[in-house]
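Here are the chains, one letter per residue:
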Amino acid sequence: MEPEQEIKKNWHDKYYKILLIIPAILIIFSFVYMINFYNQHGDFIKKDISLTGGTSVTLYEKLDVFELKQGLQDKLQDVNIREIYDLISKEQKAVIIETKSDGETTKQILQEYLSYELTDENSSFEFTGSSLSQGFYKQLLIAILIAFVAMGLVIFIIFRTFVPSIAVIAAAFTDILMTLVVVNILGIEVSTAGLVAFLMLIGYSVDTDILLTSRVLKREGDSLNKKIFDSFKTGMTMTLTALFSVLVALFIVKSFSSVLAQIFTILAIGLGFDIFNTWITNVSIIKWYMKKKHG
Amino acid sequence: MAKLTFRIWILIIVLILSLISIFGLPPSFLEKGILITSVEQNSSAFEQGLRQGQIITAIDGKSVETIDDFSKIIQEKYLSGGSPEGTAGGSPESSLGGKEIKTIIQTKNSQIIFFSKQAPEITISNIPKTKLKAGLDLSGGARALVQAQDKKLSAEEINDLVAITNNRFNVYGISDIKVSPVSDLSGDRFMLIEIAGATPKDLKQLIEQQGKFEAKIGNETVFIGGERDVASVCRNDATCAAITACDGVNGESVCNFQFSIYLSESAAEKHADVTKKLGINESAPEYLSKPLDLYVDDKLVDTLLISKDLQGRVTTQISISGSGFGETQEDAYSIAKENMNKLQTILITGSLPYKLEIVKLDAISPVLGEQFIKIILLAGLGALLAVAIVIFIRYRKFKESMALLLTSFSEIIIILGIASMIDWNLDLLSIAGILATVGTGIDQQIIILDESKQRASLSVKEKLKRAFTIILSAYFTALVSLLPLLWAGAGLLKGFAITTIIGITIGILITRPAFTDIVKNIEE
Chain A
2 MEPEQEIKKN WHDKYYKILL IIPAILIIFS FVYMINFYNQ HGDFIKKDIS
52 LTGGTSVTLY EKLDVFELKQ GLQDKLQDVN IREIYDLISK EQKAVIIETK
102 SDGETTKQIL QEYLSYELTD ENSSFEFTGS SLSQGFYKQL LIAILIAFVA
152 MGLVIFIIFR TFVPSIAVIA AAFTDILMTL VVVNILGIEV STAGLVAFLM
202 LIGYSVDTDI LLTSRVLKRE GDSLNKKIFD SFKTGMTMTL TALFSVLVAL
252 FIVKSFSSVL AQIFTILAIG LGFDIFNTWI TNVSIIKWYM KKKHG
Chain B
60 MAKLTFRIWI LIIVLILSLI SIFGLPPSFL EKGILITSVE QNSSAFEQGL
110 RQGQIITAID GKSVETIDDF SKIIQEKYLS GGSPEGTAGG SPESSLGGKE
160 IKTIIQTKNS QIIFFSKQAP EITISNIPKT KLKAGLDLSG GARALVQAQD
210 KKLSAEEIND LVAITNNRFN VYGISDIKVS PVSDLSGDRF MLIEIAGATP
260 KDLKQLIEQQ GKFEAKIGNE TVFIGGERDV ASVCRNDATC AAITACDGVN
310 GESVCNFQFS IYLSESAAEK HADVTKKLGI NESAPEYLSK PLDLYVDDKL
360 VDTLLISKDL QGRVTTQISI SGSGFGETQE DAYSIAKENM NKLQTILITG
410 SLPYKLEIVK LDAISPVLGE QFIKIILLAG LGALLAVAIV IFIRYRKFKE
460 SMALLLTSFS EIIIILGIAS MIDWNLDLLS IAGILATVGT GIDQQIIILD
510 ESKQRASLSV KEKLKRAFTI ILSAYFTALV SLLPLLWAGA GLLKGFAITT
560 IIGITIGILI TRPAFTDIVK NIEE
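Chains as they are written, first to last, in my numbering: chain A, 2 to 296; chain B, 60 to 583.
Looking at chain A on its own, in the form it has when it is part of the complex (with noise of 0.2 Å):
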């Protein structure tokens, strides 16, 4: 294993800075995808409805989704249908109906559609004005804005060294932007659970950034390409243990947590590029910042 590592630093201290284009020129696309996407939309995201304000409705019953659909189009706003079932059997338990419309117009019209009353023992409602999800929208956006002012703070006041706190820093927005590029792409309408996933997302990332700076400004003794190779066993372990469960977790409730599932897609996009952020990204720019330092 010894010289098969000697070759891989030595590749790596000859390419660290070139490696550095792969994520510029990420950052770049992501940029431009935003920027277009935030001209198409006039968001950074597709909104679901409770963030929209709106009314979901589960009716646990066997009913044909596309069949649903025909039938409640023109009569609700904006419908989408979706279905919940059971992992093992695949049989089908519930559906979730989602409109824009409110909860009294969308009772009345699923019960006359569905010719029968709907009481706690055969559905759920949750309906959210329009102006309260607005409300709920504008102070996630300001918690996450928060939370990533506080972090950043709690980084500087950590290292006191400019270049090593701006690279954890810029290496947890990357991983934010690339996920919300990645979410966009995915088509996935993001609800309040969703935004809560990204605020998650803030603490992952720097989990192994911080560990990494650490280990390179604080151990002393070993040499840096030993320092960064240790960081990178501990924090890739930590990563893929994340990356790993929130993927079998992600796997089990898909079928029936509409909530869990946003949660879980948005961490693991996340975790995967937490990887690329760490280890490309913010291992080129502390060598980098280590060797003009220290000759």
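None of these hints come from the bench; they were simulated from the model.
In this text, a Cβ means the ideal position worked out from N, Cα and C, and glycines have one as well.
Treat the hints with care, as some may be off.
Unchecked claim - Some chain B residues near chain A, calculated using beta-carbon distances under 8 Å:
| id | residue |
| --- | --- |
| 1 | 419 |
| 2 | 421 |
| 3 | 427 |
| 4 | 506 |
Unchecked claim - EDC-like, lysine to aspartate or glutamate: derived pairs with alpha carbons at most 16 Å apart:
| id | chain 1 | residue 1 | chain 2 | residue 2 |
| --- | --- | --- | --- | --- |
| 5 | A | 139 | B | 247 |
| 6 | A | 94 | B | 429 |
| 7 | B | 263 | A | 105 |
| 8 | B | 263 | A | 103 |
| 9 | A | 139 | B | 243 |
| 10 | B | 553 | B | 243 |
Given the coordinates of chain A, assemble chain B onto it according to the supplied hints.
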């Protein structure tokens, strides 16, 4: 030989306390019987002493251990057809024509002899195995976020609104309800209403109604609640507001209350005007022909006979009475006192001076609740297994890997223990928070493990100290980033922040130090 250090002891003790907090002592899963989750108001079941929270252990001497046992016995006794799941129906068509059936219901603490033509009007469930409470997005229930229409309410106004609403729900006999004031990041104030279990059918109307009190004679309103008509209400003064008498009826107690109110001049005149036109009650000649009916939001809550001496007189002082029923005299007394308090509050507060608007209304069916919780447990287990696999592959050492997994597992138990202690309702986001914490917890334990394996020149203690600086930094980053969530979105996302903050704090105070010592033990 492994030694149990102070920190490991703390972990063990907290772990045991958490298990007690989750399961109770003695553990509730060892209890036999079924739990009464609700009793219909004013039903014969209620009158004969069945109450929410009682545990039925036997009926007519036959032991009852499951819902099925209960349904079977009740069905045999009362019903010919099937009964709806989990309830003992009380619908008119299921009652036997006219014959009262005697049923001896043995509860954990008492025996109730139940006489009725129909099955007891109660809903039942199995005794919950843990003291953990699931949030209403998991277990079902209703939640409403309410704002004043076109008006920004002050903190004081919101508190008044909450008090009035609480009283109103009590008047309607809806229990298991939590009304609280909440505010969000942009300073808007809301009233949050949460109801566990079944959603009241007319919840929307109930909330939006303004809480008006009316005292009517026939169709004519004599006075309404609030300062304009009710000048003052005697309260907390035994000379004019008291429980007057208690009585036992059919093994049940009833207590009566009475309190005085003072009408304003104009309301008193109105009273005189209206009573002037009345005749004498034929069946009870000392009273007038029509009673004074008290309505709250158009619902009749009490009927008072008017003494004939009062006819046509401008009296400002009126005596209001009512009663409370209970299993024991003590119960009846406190219920009567509570009823008196409700009525007094409505009379004092009157109706709300503004219209309410429901800005969010969720009514979640309890139908899939249990299945949902199973799926989440499965997901948690799956995730832990996934962690185990990665850890074993990376370290290939049984002791270290097991220590890591067990510490993480105990962290989950401690979070749940604290959640159960502070009566926190675990909703979906709380569970996401627990997963997030355990995820970061495992990450930090990996750091501890790896730091302890670093160069031999440093002492183990020194190495672990290094690990702790990294972990402490991560802790503060996480903590500050979670704080805004406590307020954002009117606190509906609080669950996530609360469980995560509990989790990471336990991590830094209890599990991480203990894990450090465990690793030290293994390494040395």
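Here is what the structure says about each hint:
1. This hint holds: residue 419/B has a C-beta 5 Å from the nearest C-beta of chain A, less than the 8 Å allowed.
2. For residue 421/B, the interface hint holds, the least distance from its beta-carbon to any beta-carbon of chain A being 4 Å, beneath 8 Å.
3. Using the Cβ-Cβ criterion of 8 Å, the hint placing residue 427/B at the interface with chain A is satisfied: the shortest such distance is roughly 7 Å.
4. Of the supplied interface hints, the one on residue 506/B holds, with its beta-carbon coming within about 6 Å of a beta-carbon of chain A, less than 8 Å.
5. Among the hinted pairs, residue 139/A with residue 247/B is consistent with the structure: their alpha-carbon atoms are about 13 Å apart, no more than 16 Å.
6. The suggested pairing of residue 94/A with residue 429/B holds, with an alpha-carbon distance near 13 Å, which does not exceed 16 Å.
7. Of the supplied pair hints, the one linking residue 263/B and residue 105/A holds, its CA atoms being roughly 10 Å apart against a limit of 16 Å.
8. Between residue 263/B and residue 103/A, the direct Cα distance comes to roughly 13 Å. Compliance with the 16 Å bound is thereby established for this hinted pair.
9. With a C-alpha separation of about 11 Å, the suggested pair residue 139/A and residue 243/B falls inside the 16 Å cut-off, and the hint holds.
10. In summary, the hint linking residue 553/B to residue 243/B is supported, as the alpha carbons are separated by about 11 Å, within the 16 Å threshold.
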